[in-house]
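Please construct the entire structure, taking both the sequences and the accompanying hints into account.
Line order of the protein sequences matches chains A and B. Just so we're aligned: 240 in this note's numbering is position 240 of the first sequence, and the numbers increase by one with no gaps anywhere. Take any residue in the second sequence, note its place counting from 1, add 1000, and you have its number in this note's numbering.
Do not take every clue at face value.
[To be verified] With a Cα cut of at most 27 Å, we get these calculated BS3-like pairs of lysine-lysine:
| # | chain 1 | residue 1 | chain 2 | residue 2 |
| --- | --- | --- | --- | --- |
| 1 | B | K1217 | A | K151 |
| 2 | B | K1220 | A | K123 |
| 3 | A | K130 | B | K1120 |
| 4 | B | K1394 | A | K225 |
| 5 | B | K1082 | A | K186 |
| 6 | A | K186 | A | K130 |
| 7 | A | K225 | B | K1393 |
| 8 | A | K130 | A | K225 |
| 9 | A | K151 | B | K1220 |
Think of the hints as simulated: they come from the structure by calculation, not from any bench. Only a predicted model underlies this, so the values are computations on that prediction, with no experimental measurement involved.
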Amino acid sequence: MVSNAPAAAGQPLAIEAPLAIEAKGLVKRFDGFTAVDGVDLTVPQGSIYGILGPNGAGKTTTLRMMLGIIDPDSGVRRVLGHDRPHEVAHAIGYLPEERGLYPSMKAYEAIAFLGALRGLPLKEGRIRGKALLEEHGLGYAIDRTIRQLSKGMAQQVQLLGTLVHNPRLVVFDEPFSGLDALNQGKLEKTIRALAAKGTTVIFSTHVIAHAERLCDEVAIIAGGKVPFAGPVDLARDRIRPQVRLETRDADGPWRAALPADARHEGQFWLFSLPESGIEPLLRALIEGEAGILSLSIERAGLHDAFVAIAGEAAARALEQSPEEAR
Amino acid sequence: MDLPEITGDRTTGRLSTLAAAYVVARRDFVAILFSRSFFFFLLGPLFPLLVGGLAGGIGQRVQQSADRPVLGLAMSPADTAKMLKAQHALTDQLGQNMPELLVVKQLSPSEQFDPVLAMKDNKANLAAIVTGTPQHPVLTGSSERIEGWQGRVGLLAAQALELTPTSFPEVQLAGIATTRADQTHSRVVTAQLGQTVLFLLTMLLAGMVLSNLVEEKSNKIIEVLAAAIPMDAVFLGKLFAMLAVSMVGISVWAMAGSAVWLTAGHSLAEFPAPAVGWPIFFALGVVYFSMGYLLLGSIFLAIGSMASTVREVQTLSMPVTMLQLLNFFFASFAMAQPGTWIEKAAMIVPFSSPFTMLARAAQDPALWPHALAIVWQLVCVAVLIKLGANLFKKRVMQSGPQRTKKRRFWQRRAAPAAPANA
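Here it is in structure tokens:
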């Protein structure tokens, strides 16, 4: 769902399929610095959508514009069919990167308060808050204040508060940041379960592995621009599958049959799968008595796709993003 | 972190701005009211009152002892008796205007007395000494003092010589409530008092909202609020929560103060009645306090939202506090210029308007200008909240790499800033 022609601000959007979010030509500048530069996104309802990019790429700013926390300088956005995101705030759950709760609030009150902000009656929120804490093994912490909880428990309380009103769209900003491997796995499970219920989940991350495992679609963002947005498979298909060939002899007349980009690393020849497919090459190798020991064709990973789409510099920035578990 | 099994339906509905503001206000109000700091906040005014009371009491004693100078008397025993009798008679008529007499020495017929020496060896707080005889009194003392007492000592001597009436006809008193001149003067006093109380309360309580958003930012919950409800609602909710907390505080202080006041045997009748009457004056006082609080609070809230530390808040709020002081002076000045363009300007300028209008309520019985002023002040509050919220959205909710600020020519090149979050 890539669009290269941003719509002018205020121009009506043409919706072809049920979309949770549609944005065209979003631009945001801060003191002359362009944080987001013409971002186009379409997020199908019920999908898991990843916004992938290094720190400082414009992920948080994009999410904040989607949620109406800040307004774009130009461009249009539509969230669950509304131009003004706050009109559908009751159907959205948001977990910001910087988690925060009132330290003096009791755990169940904190969940109820987050629900109340989204239109859930406080009384109902309290009932649900207590039930959720019980269900998640935090029953003993119901009457504890947030400042009495560990950081991990407080994060869990905030996650429950994000979901207490049963939102149709859930937005997580760097949800895996600060979690240990066990809790990262649990969160992945939560995201899958939400999507299975029909909830749209959008999350930003600079960890390719999470996006690759979870997402139906991704938007790759770098330098405030989105060079790719669409299904993960489509991103992978941007680069040709890689062939890894091992032969008995390192060289011979058969070598002329290898593609121009072939390079020799250790005992392997590595090259992109030719346009004509593998069969003509195989024939040439057999006829040339190359002595094939092994041959594998590997589909490109999202990381390779990211490098190909966003460039080496963005990939390096992604790898250098401070993250304890990538 | 398993998926929460939420059994309820998707029952939530869109909150209006007021409903959203109520959610924020309720949280803030309850959190503050049941906090330990609120108890100390309630006790807050007690300390300045206690210190002020003590200082005032001590000051009054010092002033009393310093301001009640004594007139020494050194005459023959017969003249002394006459002077004392005259002083007694005149004190009945003139009260405190007559100086207190202290017999320094009763002189024998040939005895010499040096008043200058007696003044130098002054152990009885003598301001001056009268010597000689009632026919020829001599007043010795500092020139300032003896000039002030010259007439009174002359009157005293004349009374001693029975040159003035020895008895005074009783004057029957026929009091009226107040003359027009008295009423105008009294209402100015009420107006001044009202303005001062309003200013002090506004400054004392509006400052509370200053640190509110800083705390919110340090709790990192501001983004959750901003994502769920419009910033206008966040600002509105916080302002009204703090206003409600202030009202609770004022009610407690007023009740405690009234109890002390009434127990001491005082009543409201001791104060000059305002032109609109006490009940309406009090009601307007509450309304104008609310307006003044909301106006100043919305500015403070915007400042608080821009600042990231309490120190920054204090620095940023200083000019506003100074300006508010100027507004108070402006309103006080306008009070003395009724009907002039100065008073009209003070009514229109939003930050001086509540003070000016309360003073007007004390001086003028017309009520329609108050209706007009309240609507105007409400409009100004709404505009300021909107501006504050927009400023917050524009300036505060930024992310991305921290950019180096534009250097001035006198500033050294700064090291490149490290990238922040995405």
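Structure versus earlier hints - violations, ascending order:
3, 5 and 8
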